[in-house]
Amino acid sequence: MLETRGLRVVGDRVLVDGVDLTVAAGETVGLVGESGSGKSLTARALVGLLPRGLRAEGSVEVGGAQLVGASERLLRGVRGRRISLLMQDPFAMLNPLRTACAHIAETLRGRTSRQEIARRLAEVGIDDPAVAGRYPFQLSGGMRQRVALAAALAGDPELLVADEPTTALDATTQHEILALLRRVQEARGMGVLLITHDLRVAFAVCDRVAVMYAGRVVEQGPGPELAAAPAHPYTSGLLGALPSAELTLERLVGIPGAVPRADAVAGVCAFATRCDRVADACTAARPPLRPIGRDRLTACVHDTAGAARPPLREAALPAVPAGGEPLLHVEGLRKRYGAHTALGGVSLHVNPGETVGLVGESGSGKTTLARSVLGLLTPDGGRIRLAGLDVTDRAALDPRERARVHRLVQCVFQDPSTSLNPAMTVGATLAEAIARAAPADRIGVGELLELVGLPAAYAARRPKALSGGERQRVAVARALAVRPALLICDEPVASLDVSVQAHVLELLRGIGRELGTGMLFITHDLAVVRQVAARTVVLLKGVVVEEGTTSAVLDAPAHDYTRRLVAAVP
Amino acid sequence: MSVVPGTVRLGGRARRLRRTGPGPLTLLSGGILALMAAAALFGTWIAPYDPAAQDLALGATMPGWAHWAGTDELGRDVLSRCLAGARSALLWPVVVALGTCAMSTSLGLLAGYRRGWIDAVMMRVVDLLIAMPGLLMLIVLVGVLGGGIGWAVLAMAVLFTPGDIRVVRSLTMAQRELAYAEAARTLGLSRTRIMFRHLLPNIAPTVVAGALLSFVAALVALSGLSFLGIGLPAGTPDWGLMIEENRGLLDLNPWAAVVPAALVTVAATAATLLGDQLFERLSDA
Amino acid sequence: MAFVARRLAAALLLLGVLSVLTYALLALAPGDPEQVLLGPRPSTAESRAAVRAQYHLDDPLPVRYATWLGDAVRGDFGASLYSREPVAGVIADRLPVTAGLAAYAIVLTLAVGLPAGLAAAMRRGGPLDRGITLSALVGLAIPPFAMSILLLYGFAVTLGWFPVFGAGETFAERVAHLTLPAIALATGQAAVVIRQMRAAALDLAGQDYMTFARARGVGRARYWIGYALRNTALPVLTVGGLLLAANLTGALFVERAFGLHGVGELLVSAVGQKDLPVVQALVLMGGAVVVAVNLLIDLAYLAVDPRVRHGAVAA
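Residue numbers (the numbering used here), protein chains in the order written: chain W, 1 to 570; chain U, 1 to 285; chain D, 1 to 315.
For reference, chain W alone in the conformation it holds in the complex (with noise of 0.2 Å):
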């Protein structure tokens, strides 16, 4: 139904290289890759709907008709009723000024009424008839995917393009939104095209996977030959690098460099510079992409089809000794933001050395936990207990005594891209922070920077110059400079492709070991919280609702929520 062939957007340089997929009808492939593949503009690209200054060349069919060079007249023709696009964003995608009936309406041409629009509404599974009438600023991120959803499928398209549609929601809303599209297209029999950063949740949904990587597809096959014997370095590179939300891997390998340019790797293969198995044939040629087996392509010159991967190695977190006064003890900590209930009475403590994993979806109030131990702001009631020290209330405490919180506790943030100030070097950022450690403790910027992994010479460097995993590796550098007895780290690395990731959690795992400093680490990836955490608390609404063991709570949940968190992995 949709066959691309030799797929290419070209702007000021070439983008997307290449790209030859298929999707039949009553099948769900997936077309993996991290950012800066082109994964997005070739899902743009289908549609006819290149931002300005891109344009696509090669070929897309569509139940026949070539979209690639057709009048806009054509495109509106198929957009909708062939083929339509749901997009990632469920806060950007519906136009805020109308109702959600409105949006559906608007695509169904001709047939509206009140029956039908509720009749689609229910098809997404949302019954509440009064949904209809509401605005997108109405209802919940899940909710909105679903009328974005009843709104794309409104013009009965025979393939849907869903351009990582539940990226940016809950992982239990996550789950349902995969569940309910994969139920939509079975009753369908439609073809759905799905775009995504995330292995686990391709290889959960499709039938067939295909990998991208530098603007060109590098793998293709079936989801679970795929993971088990992947056949390109770049495919068995991601899989080493994912961590398991069933055990607590040895080690986490990311892959060294970074993605380069596609126009920078036209003529070779792309992961050349990456690989560990390169040979003068990846750089002589661009090895094409061939088939090695039923339903299988690869893109490598290696004879790497059915390599099994090796068995994954557990390792046990070193146990903490209980007993002795906890790093940080917090008790019935409270927060309210006007009617709502940021914090409900939470309690929680963190032996020395410990990491305790802090696992909630947003809303739970695991951020304003965070920022109340890091004095960030002040809570409504309760007690934050640090080394023996109250500090509850920062304004309550005298100079002494606070510049010593602040030598006690740091913080690694989440958003890679704001986590270091613009306008100051790598080296006068970790200067000034070294400024405010204990005398004894100072280190040198390079010796700081070799810590975590970097090159003395970064110090010169602006953060614009980094990319995101060195960023958070300054950021890592910058918290551990005036050796904190606790570091709290807030989501950080949510943001990060799962190459990165790995590095960084590798690294902060090394910092729990090897310098002894205890860690909360604040995720909603229970795969993360598996690879880092000995022990666990649940976050709901502002309270705690589990705590134990990691294995303990993720392997045997016993609240019903955490139930749900771990049936959501996909």
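I should point out that these hints are in silico values taken from the structure, not numbers from a laboratory. Idealized CB from N, CA, C, for every residue including glycine. Hints are not guaranteed to be accurate.
Between beta-carbon pairs, the in silico distance windows are [said to hold, decoys possible]:
1) W/Lys-464 - U/Arg-114: 26 to 32 Å
2) D/Ala-292 - W/Arg-182: 55 to 61 Å
3) U/Leu-98 - D/Leu-28: 24 to 30 Å
4) U/Arg-114 - D/Val-289: 35 to 41 Å
5) W/Ala-552 - U/Ser-283: 50 to 56 Å
6) W/Arg-182 - D/Val-4: 24 to 30 Å
7) W/Gly-363 - D/Arg-222: 47 to 53 Å
Covered stretches of chain U (chain D as the covering partner; in silico rule of three or more C-beta atoms under 8 Å from a C-beta of chain D) [as the list claims (entries may be wrong)]:
8) 133–144
9) 165–171
10) 226–236
11) 248–256
Pulled from the structure, derived: some chain D residues nowhere near chain W, Cβ distances all over 12 Å [stated by the list, open to error]:
12) Leu-25
13) Ala-45
14) Val-51
15) Gly-75
16) Asp-76
17) Gly-160
18) Val-218
We have chain W already, so just place chains U and D on it with the hints.
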């Protein structure tokens, strides 16, 4: 995660602009302003005639070899008066721009960073001042109460500050929520250090562009006041006043009004262009 | 509704402050109030006593202010110190010229500003966009009085296409006489509209919901009217108040430059003659118009944006 199309779209021309040096428009605007600044500083020395010297017998004449821009009704040399007028035309707006910039930056940073009651009180006052028909009040106040250019400059700074405070405040509020600012607070850095060393450099492009815009607004408003005969005593060599005094001479010597009008226009345009270019350049860097 | 009530309260508060400031002009003006209010009349014991009685100068200040405000609300601002005619009548005589000028300028502003801004956005980065953006920047910078002089010189004196001074008698004459002043007044405003429209259209083009609408085949009419027009209306609406204020103050300069006997010219000469009753009436009226238009804009927000209607965000 995924490639947001916006990041791709940024590419192209924007990036090409960044690599090249200052564009021809920037150079031109900068050059014009530099020339005018030179006239403001040395104008009275290079002027061919005494700007106040009258020649009633001569009266208004068209431009000629003796008087390149002609003379006005009182036989005064228009070119000399224009050169001399550059001083008041540019000096006071610079004072207004610097004053506005200093006040709005410090108050905006304070309100945006501290929040709480300081912010609440300041914003009430700012909202009120912004809603006032400002220039109208200025004309009436200075016109009725008198008090000359000093009061006009002060009133103008008070009028222009609220808008800039609002801008600086909202930028500060956005910056203080970013991870780098939170990290600075977590490290226990002092408020002043965070405000001026961390936040200020990141909002500097807007502050600089805002100062240039204040300069333009003050230039236009002050020459406008003179045009209405308010602020400066009659007879002072000033562009606005010259337009007012000579606009009846459009048939005898139009240049007596057109040249100062063109000068105000060119100065304001050059500063606006420079501010625009500077803003784009600084926010790209 | 809370939103309307809040806006209304703010508008009233603003008018109150403005009236206090306006009344304070009398107290702050150089010379004692009697002298100011006597104006050019001879200062005798009787005339002074008459002024004291007429303006209730012997009452305490708050009472005087209340009396004045009470009269002002009923449209009675007293008599001009010069012409001795009631202020309301003086203003009413001048209003048609200014109203005609303002309306003409607004028509020009919208007729040029909206399409030019949209065209610039649609041809983003191209020569047309650069031309329009640059022109708007220049238009923004040119002061209205300088523009007036340059237009007068260029089109009236040199080319002789338009009359130089005055407002004309017949409708056609009026239009001819008001064309150059309206252009001078509209230049800056059109520049504001162009920039705002361009920014709004560009911002809109980058929105996911625009792409999503096209991706599911929303019809062309629905796309342009239901999406593009409606969603750009809001940001463009926000500069409405700004435009009006520019219109009011710009009229002062333009009327003076073109020798039009409008309200703006009245204010300038009243300020020059220290004719306080006229000044007070005009400032209060100007303030009231600005406040009223801002209130209307807020109400328009209410009509267009459901988020404001449901109290989810402030306008």
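Going down the list of hints, with the structure as the test:
Distance hint for W/Lys-464 and U/Arg-114: a CB-CB separation of about 29 Å, consistent with the stated range 26 to 32 Å. One distance hint, 55 to 61 Å for the beta-carbon pair D/Ala-292 and W/Arg-182, holds here, with the actual separation near 57 Å. For the pair U/Leu-98 and D/Leu-28, the supplied restraint of 24 to 30 Å holds, since their beta-carbon distance comes to about 28 Å. A beta carbon spacing of about 37 Å between U/Arg-114 and D/Val-289 agrees with the range 35 to 41 Å that was offered as a hint.
Hint check: W/Ala-552 to U/Ser-283, Cβ distance near 51 Å, so the stated range 50 to 56 Å holds. Look at W/Arg-182 against D/Val-4: about 48 Å separates their beta carbons, and that is not inside 24 to 30 Å. About 35 Å separates the C-beta atoms of W/Gly-363 and D/Arg-222, a value inconsistent with the hinted range of 47 to 53 Å. Figure legend: the segment 133–144 of chain U, annotated as covered by chain D; annotation consistent (10 residues with Cβ-Cβ distances under 8 Å, at least 3 required).
Counting residues of the segment 165–171 of chain U whose C-beta lies closer than 8 Å to any C-beta of chain D gives 0; at least three are required, and the coverage claim is violated. Given as covered by chain D, the segment 226–236 of chain U passes the check, having 4 residues with a CB less than 8 Å from a CB of that chain where 3 are the minimum. Requiring three or more residues with a Cβ within less than 8 Å of a Cβ of chain D, the coverage given for the segment 248–256 of chain U holds, as 3 such residues are present. With a minimum CB-CB distance of about 44 Å to chain W, D/Leu-25 clears the 12 Å threshold, and the non-interface call stands.
Listed as a non-interface residue, D/Ala-45 keeps its Cβ farther than 12 Å from every Cβ of chain W; the least gap is roughly 67 Å. For D/Val-51, the non-interface assignment is confirmed: its Cβ lies about 57 Å from the closest Cβ of chain W, beyond the 12 Å cut-off. No beta-carbon of chain W is positioned within 12 Å of the beta-carbon of D/Gly-75; the least distance is around 41 Å. For D/Asp-76, the shortest C-beta to C-beta distance to chain W comes to about 45 Å, beyond the 12 Å cut-off, and the non-interface label holds.
With a least CB separation of 46 Å from chain W, D/Gly-160 remains clear of the 12 Å interface cut-off, as annotated. At roughly 5 Å from the closest C-beta of chain W, the C-beta of D/Val-218 falls inside 12 Å, breaking its exclusion from the interface.
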